[in-house]
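There are 4 protein chains.
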Amino acid sequence: MYNFRTDLADERRDLYKKANKLDDSIDGIDVENKQINENIKITKVKVTNENGSVAIGKPIGNYITVDIKNIKIVDESEIEKSAEVVSNELKELIGAHVQSKEDILVVGLGNIYVTPDALGPKVVNDIEVTRHIIKYLPQYIDENARPVSAISPGVLGTTGIETVEIVEGIVEKTHPKLIIVIDSLASRSVERISKTIQIADTGIVPGAGVGNTRKEISEKSLGIPVIALGIPTVVESAVLVNDCLDLFIEKLQDEAKSNDYLNKLKEQDNYEEIKEALLPKEYNMIVTPKEIDDLIENMSKIVASRNKYGCINKMNRYLTIHFI
Amino acid sequence: MYNFRTDLADERRDLYKKANKLDDSIDGIDVENKQINENIKITKVKVTNENGSVAIGKPIGNYITVDIKNIKIVDESEIEKSAEVVSNELKELIGAHVQSKEDILVVGLGNIYVTPDALGPKVVNDIEVTRHIIKYLPQYIDENARPVSAISPGVLGTTGIETVEIVEGIVEKTHPKLIIVIDSLASRSVERISKTIQIADTGIVPGAGVGNTRKEISEKSLGIPVIALGIPTVVESAVLVNDCLDLFIEKLQDEAKSNDYLNKLKEQDNYEEIKEALLPKEYNMIVTPKEIDDLIENMSKIVASRNKYGCINKMNRYLTIHFI
Amino acid sequence: MYNFRTDLADERRDLYKKANKLDDSIDGIDVENKQINENIKITKVKVTNENGSVAIGKPIGNYITVDIKNIKIVDESEIEKSAEVVSNELKELIGAHVQSKEDILVVGLGNIYVTPDALGPKVVNDIEVTRHIIKYLPQYIDENARPVSAISPGVLGTTGIETVEIVEGIVEKTHPKLIIVIDSLASRSVERISKTIQIADTGIVPGAGVGNTRKEISEKSLGIPVIALGIPTVVESAVLVNDCLDLFIEKLQDEAKSNDYLNKLKEQDNYEEIKEALLPKEYNMIVTPKEIDDLIENMSKIVASRNKYGCINKMNRYLTIHFI
Amino acid sequence: MYNFRTDLADERRDLYKKANKLDDSIDGIDVENKQINENIKITKVKVTNENGSVAIGKPIGNYITVDIKNIKIVDESEIEKSAEVVSNELKELIGAHVQSKEDILVVGLGNIYVTPDALGPKVVNDIEVTRHIIKYLPQYIDENARPVSAISPGVLGTTGIETVEIVEGIVEKTHPKLIIVIDSLASRSVERISKTIQIADTGIVPGAGVGNTRKEISEKSLGIPVIALGIPTVVESAVLVNDCLDLFIEKLQDEAKSNDYLNKLKEQDNYEEIKEALLPKEYNMIVTPKEIDDLIENMSKIVASRNKYGCINKMNRYLTIHFI
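Protein chains in written order, with our numbering: chain A, 1 to 324; chain B, 1 to 324; chain C, 1 to 324; chain D, 1 to 324.
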């Protein structure tokens, strides 16, 4: 398989077409673009058959990318608009898999104590859960309310347990019909960091190259459809350097200071080689923008604010005390 | 059964003896007191047979209470000492139930976003988990290390799922041999708020009077021993008023301003009647001391600092990223 | 002077009238009530002359109280409405003292690390300051923008400096024309805790009875008008017990279990005596509702959201880095 | 002046010697190195006269650099050791400027709500202030205690006021004899990020090249000596790319794939050119390591834990409430 170094279905399609010098569309891959306003853009890729799946190395399913410019500094109204866009896409994808009253489990991956990894837990805290109300106090809730539950299982490093094991256990006890996983991601491009929300109904399949043993969180492992909503919040130094090297050589070219070798460097993807160079000196850090606190805050608002399926108020979080 | 209005085994024994005008010890109940230093005191109650169990209305098992004076303002060395005391008691109780290399799951109950309820999640964050290291990277860990995992499952109000269901699911997937539950509690006495740590190996059995439907977290429901470590961080107004009313009447008595009725009031427990009086005007709030942030911080240090069973560093919490 | 045990001008007026058996209005005191909707109520008291000032023991000036029912559990739209009400009252009071382009300094009192005391610092963080933009980058801001600056000076216990000294120093350097002080307060009534916002243009004058030496933050000490916006977030045990004792005796009266002495107890204010009774056993704690995190969050939104005088975005908080 | 692109006096001396092909020491510059243990190293540079000052472009004074390897993952004992080292250096420098009972003001620069910028405010929160105890309750404090006060003035973007104006105002009101400024810094080298603590008694003089108008915080502006303690927590993309480019070309050289132009690139400092290339596409972000939360936590412990000049407990932070 072609080494794409991007997980975005859209970018993979473009790379595949370029590599194979195709002008037309690829059999098994439908693409649709929508410009919502000057700051918000949606790209939808549908992998419809095995041929498309093999071409771009992604399972059959739906891949939606929402790009938001300048998310770090947007105002409340732009956050509202983005939340609405994300919510609509999410609702449509949910509707494609489950009926309106079927049970959903929201899983917020990540570590609440590591700012760039805290998106999942933060969103889960803002989700209005309804499963317990429907079960114990149905008189207090609209009869059309969908049972929603939500959990932040933590990360392997703080729990000692594979996340998928925790989720499997909960699924077996509570029998949801669909899972929505929310996660902070590492970006493979500077462009995308803190600008992109990716929604896919094929779950989370850890990249083959990363060398960790985490099992996938997907329909295959859990038996029910898994929608993954991911937002890149960190980037490796090697990615940053690779992206920036191109810009730097471009500048040298503009100034006629480049040469054949540099031109060739720019053509190819030097990520792996840069990574190899940085590793021995521990320069291949994972970094995040300085404004990460506001970024996570804004993204959390975008993902959580319109995804409130219930009609209960926050008071219920104080229901559960017991006595010494 | 006598209405004890305290969960502390020690206090129940005293009340039982008083009510039954007993001078000697009760069959089936052993008590031991240790004064560690001028600020720290331990009380150990062992319920050894059915007679003891019936007398004080608690299951057969061990009940340890550690009292720390002035926990709000203690300095680091006193926190260290308290941590050592709690750790020793906890280790002894663990040793009574499982072998040194058997698997332990730590469960931090509570809501990280509600300060007086955040103790459990905070402690879990400081536990050094080892289960995944032993499983995936055994070469990096002492061969005698015990597998420890830890989870903060959240509360019913934010997850929509009974905590015991989540824990059951995880137990079935990961097969620990012992569970340690850490929880913030509501106190039934002003005395105890932010002063007492209670450790028992009989799990958490929600009080019958509270009227909620939460299932117990105990060996009965989970099939493995459950040690519960609880710290009172909140108190009902009615408890506060009941306790303070006694002091107030005492003062009136001292000043010879009391009367028969007041004297009788002081003799009896007016908690239920006070609660009934406060409820209609919503005066029966759950309150917590103003210094709750420092209190939780100190208690979290006491519980977490000596309970590190492993030898791994914090780096492992950054192991788990994946890519977009 | 009559011992009012309330700082609310409105309640003092009622007590004064009752004590002096007055039916009519008091010379020097004007009162106005407005019910905004079923949850929000405004009371405005104007002390217009020395007679009114002496009667209720408050300086000549304006005293506005906004009462919001159920602030702990209100939804976003009610928060929006409350914010608008508070903002309008605040604007009117500001307009009575300074011109539209005159410089305002916002001072957030309190300690960001003590949840019930964090309101001031939290609000200051959300204020959009403009002074530096007008000074250094006037081209980026509307020419009618008012210079606003804001500071959280901390508390005596964490700075070692009287707050008024810090504010005086800043006033002398930056020459604002008006100060707005925002503060969490101790409530003298359970009713008011987390329900009331008090706005006055007479500054903050620490209560004579509290026995601390803090100097007042007022026009007298600073030479410019000081508007104080205060929200009760904590309460003393003695206040709670005093208020609850009345309810309890009322219940006993209803049940015909009361007696002359209790009836008399209910008539009088027992706060001082209760406090005296509680102090020796350290029962006179300062407590706060368990839901304090959400309460502060909601109040902070109410106070901050409509008081944005500027037009700058949050980006400017990242402008100031320097290099090693 | 030579364009050093480093503020570290030690590195500037090396660069100056290299540029001027000097083998011996420079007149006016004394250097001393100490390796404390395998992880901790101290470098002390003393600029003693005008010649030394001109040579490396730094004011006459003391410059101490403490390097700590692997600060992100160090354990508690290493943090303790580092705290001791920093504390000793700081004490020595303080002793060189003021008597043992003279008044010190600690100023924590930065924004508590922006994680990589929160070091200053976090440290200030842990400083044990004594000034108010000595002033109001001298009986509760050792008679040799030094008056210490501390403030987190915020940043220009959230206050609208130049930090130096706030500090000037406080200095004029409280008359300290020495100021200690604590700040997060931007690093000019990947090597140093989260590894280096820099202490200098020449205050903070914002770099000429940064183009902001902030006035310096120094003896010149404030009239009393200013010790600055700075820790790099963020880095510009351009710095990262410049540092990494060298490593990358080195690798190409090793593989005999380099050429004259690349060799030359490696020789020179390409920071400015890289920055120019990145700016148009907004790739010149300020980034911080993913582990920034732990990093700030550890650094805050190192700086605060041994710098407690007083003997008071934390209780005093609850002294200051007043009533509504």
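Because the hints were derived from the structure by calculation, they are not lab data. Small disclaimer: the values here were computed from a predicted structure and weren't measured. Please note that the accuracy of each hint is not assured.
Since the list gives no way to pick one copy over another, a pair counts as held whenever it fits inside one copy or between any two copies.
In silico DSS-like cross-links for lysine-lysine, where the CA-CA straight-line distance does not exceed 27 Å [unchecked claim]:
{"no.": "1", "residue 1": "21", "residue 2": "135"}
{"no.": "2", "residue 1": "195", "residue 2": "281"}
{"no.": "3", "residue 1": "275", "residue 2": "81"}
{"no.": "4", "residue 1": "301", "residue 2": "44"}
{"no.": "5", "residue 1": "264", "residue 2": "44"}
{"no.": "6", "residue 1": "281", "residue 2": "34"}
{"no.": "7", "residue 1": "17", "residue 2": "81"}
{"no.": "8", "residue 1": "257", "residue 2": "91"}
{"no.": "9", "residue 1": "215", "residue 2": "21"}
{"no.": "10", "residue 1": "281", "residue 2": "41"}
{"no.": "11", "residue 1": "18", "residue 2": "215"}
{"no.": "12", "residue 1": "135", "residue 2": "215"}
{"no.": "13", "residue 1": "18", "residue 2": "91"}
Do the hints match the structure? See the list:
In this assembly of identical chains, residue 21 and residue 135 lie within 27 Å of each other by CA distance neither inside one copy nor across copies; the values are 57 Å within and 47 Å between. With identical chains, the CA atoms of residue 195 and residue 281 are at most 27 Å apart between copies only, with a shortest distance of 14 Å across copies and 30 Å within one. Taking the shortest Cα distances, residue 275 and residue 81 never come within 27 Å of each other, neither inside one copy (38 Å) nor across copies (34 Å). Within a single copy, residue 301 and residue 44 get their C-alpha atoms as close as 23 Å, which meets the 27 Å cut-off; across copies the closest is 36 Å, which misses it.
Taking CA atoms no more than 27 Å apart as the test, residue 264 paired with residue 44 passes in neither setting, with 33 Å inside one copy and 46 Å between copies. In this homomeric assembly, residue 281 and residue 34 come within 27 Å of each other (Cα to Cα) only across copies, at 23 Å, whereas the closest approach inside a single copy is 44 Å. With identical chains, the CA atoms of residue 17 and residue 81 are never at most 27 Å apart, being 33 Å at best within one copy and 54 Å at best between copies. Taking CA atoms no more than 27 Å apart as the test, residue 257 paired with residue 91 passes in neither setting, with 52 Å inside one copy and 52 Å between copies.
Taking the shortest alpha-carbon separations for residue 215 and residue 21, neither the intra-copy value of 35 Å nor the inter-copy value of 58 Å comes in at or below 27 Å. In this assembly of identical chains, residue 281 and residue 41 lie within 27 Å of each other by CA distance solely across copies; the values are 18 Å between and 39 Å within a copy. For the identical chains of this complex, residue 18 and residue 215 are neighbours neither inside a copy (32 Å) nor across copies (54 Å), given an alpha-carbon limit of 27 Å. In this assembly of identical chains, residue 135 and residue 215 lie within 27 Å of each other by CA distance solely across copies; the values are 14 Å between and 32 Å within a copy.
In the homo-oligomer, the alpha carbons of residue 18 and residue 91 never lie at most 27 Å apart, since the shortest distance is 33 Å inside one protomer and 61 Å across protomers.
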